[in-house]
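Here is what each chain is made of, one letter per residue.
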Amino acid sequence: MQFAQALVNGFGQGAIYALLALGFVMIYKATRVISFAQPALMVMGGLVTYHFTRVFEMPFFIGLLFGILGGAIVGLIVERLALRPMVGKPVFVLAIITIGVDIVLRIISNRYIGVQSRIVEYPNGSERVSISGVSISQKTLGLIAITAVVLLVLALFFHYSRMGLAMRATALDQETALAQGIKVGMMFAMAWAIAGGLAAIAGTFVAAGAAGMEQTSWVIALKALPAIIIGGLDSLPGAVIGGLSVGIVEALTATYQPSVAPWLGANFALVAPYALMFLVLLVRPYGLFGTKEVERV
Amino acid sequence: MSTAVKSRRLRGRPLVQTAYSQDIALVNTPGKRRGVLAIIVVALLLPFMLTNDLLLIGTLGMIAAVGAIGLNLVTGYAGQISLGHAFFIGVGAYTGAVLGGNPDGPVVGYGLPIYIWLPAAGIVAAIAGLLVGPIAVRLRGLYLAIVTLGLVFIGEHVFRESRTLTGGPGVGRRGPELDVFGIDFGASGALFGLDLAREQRQFFLALAFLIVFAILGRNIARSKVGRAFSAVRDRDVAAAVIGVGLTRHKVMAFAMSSFYAGVAGALFYAVVGVFEPNTFGLLLSIQYLAMILIGGVATISGAIMGAIFIQSLSRLSAEVAGFLPFIGDSAASSGILTVFQLESILYGLLIVGFLVFEPRGLFGIWMRIRNYWKGWPFSY
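Going down the list, the protein sequences come from chains W and D.
Just so we're aligned: 235 in the working numbering is position 194 of the first sequence, and the numbers increase by one with no gaps anywhere.
Just so we're aligned: 195 in the working numbering is position 194 of the second sequence, and the numbers increase by one with no gaps anywhere.
Derived by calculation from the structure, the hints in this document are not laboratory data.
Incorrect hints may have been included.
[Claimed, not checked] Between beta-carbon pairs, the in silico distance windows are:
no.	chain 1	residue 1	chain 2	residue 2	range
1	W	134	D	371	22 to 32 Å
2	W	226	D	172	45 to 55 Å
3	D	277	W	174	36 to 46 Å
4	D	248	W	320	15 to 25 Å
5	D	313	W	304	34 to 44 Å
6	D	35	W	333	22 to 32 Å
7	W	118	D	341	22 to 32 Å
8	W	198	D	212	53 to 63 Å
9	D	104	W	162	52 to 62 Å
[As the list claims (entries may be wrong)] Which stretches of chain D does chain W cover? Using the computed rule of at least three CB atoms under 8 Å from a CB of chain W, they are:
no.	segment
10	141-148
11	223-233
12	351-358
[To be verified] In silico SDA-like links for lysine to any residue, alpha-carbon gap of 25 Å or less:
no.	chain 1	residue 1	chain 2	residue 2
13	W	70	W	303
14	W	130	D	140
15	D	33	D	231
16	W	130	D	240
17	W	130	D	239
Keep in mind that this is a model prediction, so the values were computed, not measured.
Note that the Cβ used here is the ideal one computed from N, Cα and C, for glycine as well.
Build out the structure end to end from the sequences listed, making use of the hints.
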């Protein structure tokens, strides 16, 4: 029973990581850059939702929509100002630029957060549904439902819409895509906007969680990094599976590690995803679903 | 008899090189020779001209420069992106603190002399680097960056939990005693006939270490190993084809860089005094990356300039804040930004700014100035 409860808790937390991981992979596939600015996008998106639901007193789901919009807009601005001028530079340089952007954005959001913790109210969020002893909160159910819907919409988008096809073409080969009349720059922007929106959903649910959105909450987003490494940097299903497994491993460690392996110290669950990442990498250097790089001289 | 080109300087043409050995010499132009000498002389005089608080910034800057040179070896020369430098610095700092720390303190300390704890700090960190090496060999580019980032988080956790060694978060512990062959660098008083305050003594010590490690770094960079590093960075497959052992050199780069980090960590926190495990987080790694990016990637002098610049950034932003009315002091409520936030935002903006506008960093700016005056009054 304890095991099942831990699984369910982990699944809920894993959905947040999966959303963030999807954003990372989206940007990586389009631009070959790992965006370290994702934590800032998550915090900002969550704060926009907070502002619309708590200050303007709108219903949760309307606020969430504005949050997604806000995250997407921040993503667009970052892409346009900091990354577009650098197209063609080494990916390392671009990744470091996103670190710089992240620092700047987080200072701005920290000014908004202040010392208190900003909590978004999910409707009936604390009510729990109990199925044969395993209880799950309404909020987690909502999160899982929203994640599932988002995944479905994204899958349909990539498979059936013109824009999705163009984005896939860009990810495959930028020059060829350009030759087919695809606006590659716009695809970059789209990838950042989608990633910003996904981060905003994650941020909203972080803010709706027990601790709310604090100045230190951004670290949560970094846990999506082991998730994408586990799943493989360029695999969208891998990101989801990686995110969920990171959440589940974290919850299981939190449940069992204090009694099974107390020598690992308090709060080992917080670093368990990174330990899992090392284990996976030792066996499969390109993650579970990543494409192996083939080098030609 | 011999067919080898005799390496001889041409009279009156100091910049003409007739052999490769002249090109890769330690100081390959007369300008550099005079410049380096002048900088060292000025640095030796600085302790008698600056106030103690500025000296401390200089001291910490020079020690950080040792760590930055280390990061430059692995990231700049060998091209392996490491976000894990903070971990290696932490390993060195705690090795130094445990071996050289006060035996009567609340945490473990063995009170060993500096000629044991300092090399040990470097060696233990280098061993940690060796252990990371095999993982690094299998990974490239950003995969490696994320893995080294994971290292920082795991390291921070280990540091936090080993309370008997590190004092735990919020408490911390003291660094090792700075006592070199009977001369205590942690105290003030007369020394060799000069009345030297603590800060002045430490400045000289840091300067000595920086000179040693900078020369060592430059020698690594201009030797066979350094050239192999550059080959691995520029195209690893091509390097392997011409016979550069990838595994060997990647592991070597990590070990050397970690050795530098360990030494820098032990010295840095010996000067700082009390430090706690939370110091060795992601932010420290980013700080060191900022040092080499702002200073100049794959240059020793750039790493030194960057480290001193980054270390003085908090002082600079405090000074700047005095002129800007909208910057509040420490309280979070006053002004648009606090001094601390201004400092962080400057980090971010400087990193982005330098990468966008001058990717070669401060070193690149210096090159431009130098080349302008070299050709003066002709613009090219």
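### Query
Does the structure keep residue 130 of chain W and residue 239 of chain D at a Cα separation of 25 Å or less?
holds (21 Å)
### Query
Is it true that residue 35 of chain D and residue 333 of chain W lie within 22 to 32 Å of each other by Cβ?
violated (53 Å)
### Query
For the pair supplied as a hint, residue 130 of chain W and residue 240 of chain D, is the alpha-carbon distance within the 25 Å limit?
Between residue 130 of chain W and residue 240 of chain D the Cα gap is close to 22 Å, so the pair holds against 25 Å.
### 25 Å limit on alpha-carbon distance, applied to hinted pair residue 70 of chain W and residue 303 of chain W
violated (40 Å)
### Task
Starting from the range 36 to 46 Å, see whether the pair residue 277 of chain D and residue 174 of chain W falls in it by beta-carbon distance.
With Cβ atoms ~43 Å apart, the hint holds.
### Query
Between residue 134 of chain W and residue 371 of chain D, does the C-beta distance stay in 22 to 32 Å?
holds (24 Å)
### Task
Tell me if chain W covers the segment 351-358 of chain D under the three-residue, 8 Å CB rule, please?
holds (count 5)
### Query
Is it true that residue 104 of chain D and residue 162 of chain W lie within 52 to 62 Å of each other by Cβ?
Holds, at about 55 Å.
### Message
Just to be sure I understand the hint, the distance between the Cβ atoms of residue 226 of chain W and residue 172 of chain D should be within 45 to 55 Å; is that true here?
### Response
Hint holds: Cβ distance 52 Å, inside 45 to 55 Å.
### Query
Would you say the segment 223-233 of chain D counts as covered by chain W, given the rule of at least 3 residues with C-beta under 8 Å?
violated (count 0)
#### Entry: Range hint compliance [Cβ, residue 313 of chain D to residue 304 of chain W, 34 to 44 Å]
42 Å Cβ-Cβ, so the 34 to 44 Å window holds.
### Range agreement (Cβ of residue 212 of chain D with Cβ of residue 198 of chain W, hint 53 to 63 Å)
Hint holds: Cβ distance 60 Å, inside 53 to 63 Å.
Figure legend: structure checked against the earlier numbered hints; hints not met, in rising order: 6, 11 and 13.
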